Amino acid sequence: MRIAITRTGGFAGIERRAELDTTGRPDATHVQALAHRALAVGPETGATARGVPDGFHYDITVDGRTVHCADPHLTPEQRELIQLVLKEGA
Numbered sequence: 005m006r007i008a009i010t011r012t013g014g015f016a017g018i019e020r021r022a023e024l025d026t027t028g029r030p031d032a033t034h035v036q037a038l039a040h041r042a043l044a045v046g047p048e049t050g051a052t053a054r055g056v057p058d059g060f061h062y063d064i065t066v067d068g069r070t071v072h073c074a075d076p077h078l079t080p081e082q083r084e085l086i087q088l089v090l091k092e093g094a
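Note that the sequence shown covers residues 5 to 94 in the numbering used here.
Hints in this document: simulated from the structure, not taken from any laboratory.
Just so it is clear, the structure is predicted and the values come from calculations on it, not from any experiment.
Hints may be right or wrong, so weigh each one.
What the hints assert, rightly or not - With beta-carbon atoms standing in for the labels, derived distance ranges:
#, residue 1, residue 2, range
1, GLU19, ARG83, 16 to 24 Å
2, LEU90, GLY68, 18 to 26 Å
3, ASP25, PRO57, 28 to 36 Å
4, GLY28, PRO57, 12 to 20 Å
5, GLY59, THR33, 13 to 21 Å
For each residue, glycine too, the CB sits at the ideal point set by N, CA and C.
Work out the full structure: start from the sequences and follow the hints.
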């Protein structure tokens, strides 16, 4: 499973992107389940996608399906997945 995170916005407005492939990872089952739960909110989270001024906005893409979300309205699963991919992804 390929997971991509694009983070935009924030005070400086700098875009950051990272991708993670779960193939061969010892925690692949956990990461894949986390990704499925992070996408469960639907393709557009409506008001939550607007976020707050100077907050971060995220596109979470898993195998071609994208969900848009924003701080501070992330689900716990979205937050964990975003942190993991931005930390360990390339």
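Structure-based check of all given hints:
Between GLU19 and ARG83 the beta carbons are some 19 Å apart, a value that agrees with the proposed interval 16 to 24 Å. Look at LEU90 against GLY68: about 20 Å separates their beta carbons, and that is inside 18 to 26 Å. Take ASP25 and PRO57: their Cβ atoms lie about 34 Å apart, and the range 28 to 36 Å holds. About 41 Å separates the C-beta atoms of GLY28 and PRO57, a value inconsistent with the hinted range of 12 to 20 Å.
The hint said 13 to 21 Å for the Cβ distance between GLY59 and THR33, and at roughly 31 Å that hint is violated.
Hint compliance for this structure: hints 4 and 5 are broken, all remaining hints hold.
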